[in-house]
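If you read the protein sequences in the order shown, they are chains A and B.
In this text, residue positions in the first sequence follow the numbering used here: the first is 3, and each later residue adds one.
In this text, residue positions in the second sequence follow the numbering used here: the first is 3, and each later residue adds one.
Calculated directly from the structure, the hints in this document are not laboratory data.
Treat each hint with caution, since some may be false.
Identical chains blur together in the list; that is why a pair holds if it fits in one copy or across any two.
To be verified - Derived SDA-like pairs: lysine to any residue, alpha-carbon spacing no greater than 20 angstroms straight-line:
hint: 1; residue 1: K82; residue 2: P128
hint: 2; residue 1: K37; residue 2: A159
hint: 3; residue 1: K82; residue 2: E225
hint: 4; residue 1: K82; residue 2: D149
hint: 5; residue 1: K37; residue 2: R127
hint: 6; residue 1: K82; residue 2: D109
hint: 7; residue 1: K37; residue 2: D152
hint: 8; residue 1: K37; residue 2: T122
hint: 9; residue 1: K82; residue 2: R165
hint: 10; residue 1: K37; residue 2: P23
hint: 11; residue 1: K82; residue 2: I54
In this text the structure is predicted, and so the values were computed from the model without any measurement.
Protein chains: 2
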Amino acid sequence: MDQAVSRSLAILEALASAGAPVRLSRLSEQVGLQKSTAHRILQTLVALGYVIQEAETGRYGASLKLWELGSAIVFEHPVKRAAASFLQSLHREVGETVSLLVPSGEDVLYLERLVSPRPTRFSARPGSRVPALLTSGGRAMLAEAADLRDAAARALAHAGDRREATLAEIVRDLEEARRRGYAISRDTPGVVSMGCAIPGRTGSPAAAISISAPVERVTQEDEARVATALLATCAALQDTVGLL
Amino acid sequence: MDQAVSRSLAILEALASAGAPVRLSRLSEQVGLQKSTAHRILQTLVALGYVIQEAETGRYGASLKLWELGSAIVFEHPVKRAAASFLQSLHREVGETVSLLVPSGEDVLYLERLVSPRPTRFSARPGSRVPALLTSGGRAMLAEAADLRDAAARALAHAGDRREATLAEIVRDLEEARRRGYAISRDTPGVVSMGCAIPGRTGSPAAAISISAPVERVTQEDEARVATALLATCAALQDTVGLL
DNA sequence: GCCGCTTGTTCCGCTCTGCGGAACGACGTA
DNA sequence: TACGTCGTTCCGCAGAGCGGAACAAGCGGC
């Protein structure tokens, strides 16, 4: 476990999540390093182009180089490539915000988002990570688990106090989602979203597609229509590209 | 210059640009490391979640974690934030592909791209890096340099043989662009694009906005109309948010 | 103007991290 | 069966990197 490697990445993570440039002192105490150690690592990162030091204040901030790397990685991502055209068709058809997400531990990771041309409330930014239980796409994937109760329990434990529901309620919710083929979420106030899982090679789901819209734009019949389109898209994706 | 740090980042860069998972042997010779050294670093990267090792083949590939970091970085990027709404208006108005790019050494880096709903030929992917001289946005920024001839010479040297033009021609081109307020590029066959620079605090340009479309969709009068919209957008951006 | 706080940076000696040559077992091929 | 190549493990040596301490510069309040 090369400690210099792990320390440098810890520094990069801190800088990335900080947003604005950070003072060396704050940074070194945040990652738990001696000032001199953090300083040396930062100088290395600056030399490599990953970090920029403000000329006047001396503060350090992340450059765009990490983003360059990241873009190249996600650009080649097989799931994203496979789903791209299907997402676009779906987006055109329903005219609401369409997202692609993949499981990542007990979270889901948003890979892509095609925003609605109509006004929207809120939808997860690509690259953001959210506890699976809090999203329709995540719940759609959870509903595919072999042991629903176990999956629900772990997901609930990981969601913290942000999901106010009993285990029994959640299990019932997942059972219903499995029966229906898609999950519905009303966790974010004022927005309703539907998610559908896409099976992977391993048996567990490889991804999910979700559609979200302001509640007032979704009547009962809209819901049925959108759900049909969502399910059709997932089925078509599976048929043409096979298991992801 | 912590060598472990620089080596680990070299490995990550190699994995990111590789696209598909790579064998340890190829990787170690590519970055010029002993197999055992590369292996140890890879193990730490796996433990930290930046690298995934395929279970069956043993090959190594980049995970999405770097992309998560990168997304967080670019999300906070001041230029991108400032320009976002202006880009959208412009995109709606002209209906063609709109890009935002920033200078990065002798290259330009594409920050964002709003693709045209109509069919398009090719446009640079966000996160990609291109020699400044080969794009309209890059040339628009070059045209703002104090010493045009010097800037052109350096840009030309860096563009390699992909730009077939003499220094004199390029200088004339840049002079014209400066006079006009925007640059035109027909480097990619079949697509024409216009770029406009946005001045920064330092005096040198902070960013550029470009519009690109298939040649057959751009008549003489279209060109004038699009150019007007582009210039108006850049002016409005500058007026409302000030120098970037 | 002076003092005291905090900043980023530099120095240097000790130590333990990380290095890499070599050997290993597993697998696939000739 | 013999060979090539794969990823992995081992271990002794060396120097990379660690961090406490001292430094100069900048800032705000008496």
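So, going through the hints one by one against the coordinates:
1. K82 / P128: Cα proximity of K82 and P128: in one copy and across copies (12 angstroms, 15 angstroms).
2. K37 / A159: neither (37 angstroms within a copy, 41 angstroms between copies)
3. K82 / E225: This pair counts as neither: shortest intra-copy Cα distance 26 angstroms, inter-copy 35 angstroms.
4. K82 / D149: Answer is neither; intra-copy 28 angstroms and inter-copy 44 angstroms both fail.
5. K37 / R127: neither (34 angstroms within a copy, 39 angstroms between copies)
6. K82 / D109: within (18 angstroms within a copy, 27 angstroms between copies)
7. K37 / D152: neither (45 angstroms within a copy, 41 angstroms between copies)
8. K37 / T122: Result: close neither inside a copy nor across copies, 45 angstroms intra and 51 angstroms inter.
9. K82 / R165: neither (29 angstroms within a copy, 33 angstroms between copies)
10. K37 / P23: within (16 angstroms within a copy, 37 angstroms between copies)
11. K82 / I54: between (31 angstroms within a copy, 17 angstroms between copies)
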